[in-house]
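S.K.: Sequence:
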Amino acid sequence: MLNKISRYWWCQIIGWSANIVVSIFFVTTFGEATRLYIFSLIAGCLLGVLITHVMRLNIHSLKVLEKPLRKQIAWLLTLTFVFAVLYGVAMEALDYLMGFNPERLQKYSKMQRLFFASFNALWLLLVWNMIYYIYHYVERNRSQELDTFRLEAVVKELELKTIKAHINPHFIFNALNSIRALVDENPERARRAITELSNILRSSMQAEKMET
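The opening residue of the sequence shown carries number 90 in this note's numbering; numbering runs sequentially from there.
These are calculated hints, taken from the structure and not from any lab test.
Honestly, I wouldn't trust all of these hints.
Keeping only pairs whose Cα atoms sit at most 25 Å apart, straight-line, the calculated SDA-like set for lysine to any residue is [to be verified]:
(1) K160 - F170
(2) K152 - K199
(3) K156 - I140
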């Protein structure tokens with residue numbers, strides 16, 4: 090069962106669970122740790138999972154990560170802002186339904202409280218999108234590197250097969266005759282020719298090994 094959970098959902102579960110733990114720690118240490126307050130924090134984190142997942146679906150459907158860099162940034166910032174406002178509205182609605190109305194917020198109007206909730210969500214979603222973008226950037230680069238290595242391997246294999254195709258008795262006979270003629274006339278050139286022929290034959294043998 091656990092093996093079927095994708096890496097994305099593992100990150101979501103761990104990330105938002107850590108957010109709950111840290112929030113509860115600060116509330117119980119420095120704030121008013123009422124049961125309703127803790128329920129509100131847990132509801133906020135669960136809402137965060139839902140909001141970020143829907144935002145991710147929009148990133149995919151709009152193909153944001155396939156656009157030019159400037160458009161990627163513009164789209165990600167726009168989506169972050171829109172979903173931060175949605176988070177603020179939903180969070181205020183949940184607090185109202187739960188009857189959560191802490192004394193420190195009672196002096197503010199509904200619009201002000203909505204602004205505070207949306208502003209807090211904005212930073213969370215910005216961090217979420219930064220992590221999501223960096224992850225995909227690294228994965229895309231790694232995939233491109235693997236594709237490059239595969240392409241280089243294919244090209245090398247084709248080169249070896251081409252060399253092998255030219256290696257035949259007639260070719261070797263002509264090459265040896267040419268080298269023999271150079272032995273007396275130009276010994277240095279003859280040595281280089283022997284080295285080149287040796288490299289060609291070695292490459293041909295490597296091509297045969299790759300095929301077997």
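S.K.: For every hint, state whether the structure bears it out.
M.R.: Evaluation of the provided hints:
no., hint, in the structure
1, K160 - F170, "holds, 15 Å"
2, K152 - K199, "violated, 36 Å"
3, K156 - I140, "holds, 23 Å"
Of the numbered hints stated above, the single one contradicted by the structure is hint 2.
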